[in-house]
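So the sequence lines, in the order shown, correspond to chains H and Z.
Residue 10 is where the first sequence starts when you use the numbering used here, and the numbers rise one by one after that.
Residue 34 is where the second sequence starts when you use the numbering used here, and the numbers rise one by one after that.
Calculated directly from the structure, the hints in this document are not laboratory data.
All C-beta atoms, glycine included, are put in the ideal place defined by N, C-alpha and C.
Treat the hints with care, as some may be off.
Unchecked claim - Listed below are several chain Z residues computed to face chain H (Cβ distance under 7 Å; list not exhaustive):
#1 F67
#2 F72
#3 S76
#4 L77
#5 G86
#6 I126
#7 G145
The residues making up each chain are set out below.
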Amino acid sequence: KQEVTQIPAALSVPEGENLVLNCSFTDSAIYNLQWFRQDPGKGLTSLLLIQSSQREQTSGRLNASLDKSSGRSTLYIAASQPGDSATYLCAVRGGSGYSTLTFGKGTMLLVSP
Amino acid sequence: GAVVSQHPSWVICKSGTSVKIECRSLDFQATTMFWYRQFPKQSLMLMATSNEGSKATYEQGVEKDKFLINHASLTLSTLTVTSAHPEDSSFYICSAGLAGGPETGELFFGEGSRLTVL
């Protein structure tokens, strides 16, 4: 059974810092990995999708890497802003691509002005 | 990108009543939709996989008679919480994938529905 772990559980940084969120998964036979953002009481916003054959994806100040063999992914946020404050969820999809996502518990990020 | 809409976004009901939550894919067809629930400060837990035109597949520990799922069309799946009790209070989120195959395998999520049972 796939298990996804995110470290740290919470992170508080001053505005402008670069930061890294970590995600690890136990079964490397994945189809893809997605990073999401969730604001309090809201649904999920997809940030980046990395296919199993890819090593990284970038969108604006966000960069996500994937090392499938070691079961790890990182989300790098450059020049953090207060608007980045949210919970960030990592999720992996099973090998067939038809299965659902398995989520980590998330990293709660607070960026202070 | 593809849009998934949930309705209602929040609902308060009395214990013992039934509540229906709709999940619609607005600009794409989805043969498969997934229903999750999320407790405060917890991650999303899969409840069931909903396939258009067939019975839903429930995860272990999820009561199929309590959480009725109907996926009558390629753009609509509904979750009905029957005889709701306070312990059913939670945040319910649906997701959908594109019909015709996994392709990118990206799943798109609704905005969630907050259920509070008094």
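Quick rundown of the hints versus the structure:
1. F67: 5 Å, holds
2. F72: Not OK, violated: Z:F72 not within 7 Å of chain H, min 11 Å.
3. S76: 4 Å, holds
4. L77: Because about 5 Å separates Z:L77 from the closest Cβ in chain H, which is inside the 7 Å limit, the hint holds.
5. G86: With Cβ-Cβ at 16 Å, over 7 Å, it is violated.
6. I126: With a closest approach of 6 Å, the Z:I126 hint holds.
7. G145: OK, holds: Z:G145 within 7 Å of chain H, min 4 Å.
Hint violations for this structure: numbers 2, 5, all remaining hints satisfied.
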